[in-house]
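Novice: For reference, the chains in residue letters:
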Amino acid sequence: MELQERFTELRAQGLGIAAISYDTEEVLADFAQRRGISDVPLLSDDDSAVIRAFGIYNHVAEEGIGDNKDNAAVKADVEKYVSVFGANPMIVGTPFPGTFVVDRDGRVTSRFFEEFYRERNTAANIMLKLGAPLSGISGSTGETPHLDIAASQSNPDITVGSRFHLALDITPKSNMHVYAPGAAELGYRVIDVQLDTPDFIRALPIQYPPSESYYFEPLDERADVFMQPFQLIQEIVVGGSPEAAEQLAQIDVLTLTGRLDYQACDDKVCFNPVSVPLTWTLTVNQLDRERAR
Amino acid sequence: MKQSLSALVIGTCILFFMQTPAITQDREEIDVASLGPQVGERIPEFALPDQNGTVQTLESIMGEEGAMIVFHRSADW
Numbered sequence: 316m317e318l319q320e321r322f323t324e325l326r327a328q329g330l331g332i333a334a335i336s337y338d339t340e341e342v343l344a345d346f347a348q349r350r351g352i353s354d355v356p357l358l359s360d361d362d363s364a365v366i367r368a369f370g371i372y373n374h375v376a377e378e379g380i381g382d383n384k385d386n387a388a389v390k391a392d393v394e395k396y397v398s399v400f401g402a403n404p405m406i407v408g409t410p411f412p413g414t415f416v417v418d419r420d421g422r423v424t425s426r427f428f429e430e431f432y433r434e435r436n437t438a439a440n441i442m443l444k445l446g447a448p449l450s451g452i453s454g455s456t457g458e459t460p461h462l463d464i465a466a467s468q469s470n471p472d473i474t475v476g477s478r479f480h481l482a483l484d485i486t487p488k489s490n491m492h493v494y495a496p497g498a499a500e501l502g503y504r505v506i507d508v509q510l511d512t513p514d515f516i517r518a519l520p521i522q523y524p525p526s527e528s529y530y531f532e533p534l535d536e537r538a539d540v541f542m543q544p545f546q547l548i549q550e551i552v553v554g555g556s557p558e559a560a561e562q563l564a565q566i567d568v569l570t571l572t573g574r575l576d577y578q579a580c581d582d583k584v585c586f587n588p589v590s591v592p593l594t595w596t597l598t599v600n601q602l603d604r605e606r607a608r
Numbered sequence: 005m006k007q008s009l010s011a012l013v014i015g016t017c018i019l020f021f022m023q024t025p026a027i028t029q030d031r032e033e034i035d036v037a038s039l040g041p042q043v044g045e046r047i048p049e050f051a052l053p054d055q056n057g058t059v060q061t062l063e064s065i066m067g068e069e070g071a072m073i074v075f076h077r078s079a080d081w
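Heads up: the sequence lines are chains A and B, in that order.
Count along the first sequence from 1, add 315, and you get the number used in my numbering.
Count along the second sequence from 1, add 4, and you get the number used in my numbering.
Be aware that a few hints might be false.
Stated by the list, open to error - With a Cα cut of at most 16 Å, we get these calculated EDC-like pairs of lysine to aspartate or glutamate:
| hint | chain 1 | residue 1 | chain 2 | residue 2 |
| --- | --- | --- | --- | --- |
| 1 | A | Lys390 | B | Glu63 |
| 2 | A | Lys395 | B | Asp35 |
| 3 | A | Lys395 | B | Glu32 |
| 4 | A | Lys444 | A | Glu550 |
As the list claims (entries may be wrong) - Just so you have them, the derived chain A footprint on chain B, three or more residues with Cβ under 8 Å:
| hint | stretch |
| --- | --- |
| 5 | 54–62 |
| 6 | 68–81 |
None of these hints come from the bench; they were simulated from the model.
Idealized CB from N, CA, C, for every residue including glycine.
All chains should be built: construct the whole structure from the sequences, respecting the hints.
Specialist: Here's what the structure looks like:
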């Protein structure tokens, strides 16, 4: 369980942690014992009173087994918010899943609720979005004549619906710069990541850090560049559909390949565009289907 | 005669639509982003037992900088 694995890091960031569900204490105790969860409080809201008090009670689960269960709009909402396999009385009482981050006064500072119930931000992805990234899982490193490159990933393992990120820590070598998005209008090749993603993976647009303005004297022009060490973030969503689950069930390891494309220049000359092959390897966790005894 | 027939037809139509179940009305779209406490709002108090039977509150789980509260569907399925 990621919260348990990341517990020490999250506490080091000063965050208390708790998970709330409608499970009974007995179910949670069994789950905690099976999965080795010794630090994260798993709270039992078995009458869904707190879920309701928070205003996130999933009423669609009740509608899906009620009088309007055959209504097309209700069925569509059931598929999106309850279960892709259809309504199920077992799901009545659950919340719309999501995460609140609060300050010491209990005021919400951030919240993360995904539209499709099966696609969830990992804790590491949430911490990145909060500007307090957890330690990445190191991957490959390399260099070109222009850059030092280190690839990492937020999570070592993923499952159906995981929302995580890949990262590239890039250090331009002495006197080198590469081009940021604003330089595209001048016709420069903006540094970019292209991934070869299987159809059950969605790659979201690259997140770029703030760039610097660089004056290139030979051409008397100013462009947006990266000259100091910087990081590119590529957020990835593993599909939550049954089709995606079926494809993931066939593999133990997911290898994502792609390339880093860029053009580097120094203070006198621009070099040919470069394409650097990239690889990230993630362990695929199958859904935990073991039930409390 | 024609007016009576027209009134009968209109009345029947009105009666039909009045008896039609509410499901034919537009369903309000769900926006999960709008559910629950928004940024800046306080979350409700809670006191719930954890897996060890210890009752936890926001205060008891709070860290030095705040807290992360994850609502999930179930640990059992």
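Novice: If a hint holds in the structure, say so; if it doesn't, say that too.
Specialist: Evaluation of the provided hints:
1. Our distance criterion of 16 Å between C-alpha atoms is broken by Lys390 (chain A) and Glu63 (chain B), whose separation comes to about 40 Å.
2. For the hint linking Lys395 (chain A) to Asp35 (chain B), the alpha-carbon distance of about 12 Å falls within 16 Å, and the restraint holds.
3. At roughly 15 Å between alpha-carbon atoms, Lys395 (chain A) and Glu32 (chain B) fall within 16 Å of each other, so this suggested pair holds.
4. Simply put, Lys444 (chain A) and Glu550 (chain A) have alpha-carbon atoms about 11 Å apart, close enough for the 16 Å limit, and the pair holds.
5. For a cut-off of 8 Å, the count of residues in the stretch 54–62 of chain B with a CB near a CB of chain A stands at 7, and the three-residue condition holds.
6. Counting residues of the stretch 68–81 of chain B whose beta carbon lies closer than 8 Å to any beta carbon of chain A gives 14, which meets the minimum of three for the stated coverage.
Violated hint: 1 only; the structure is consistent with all others.
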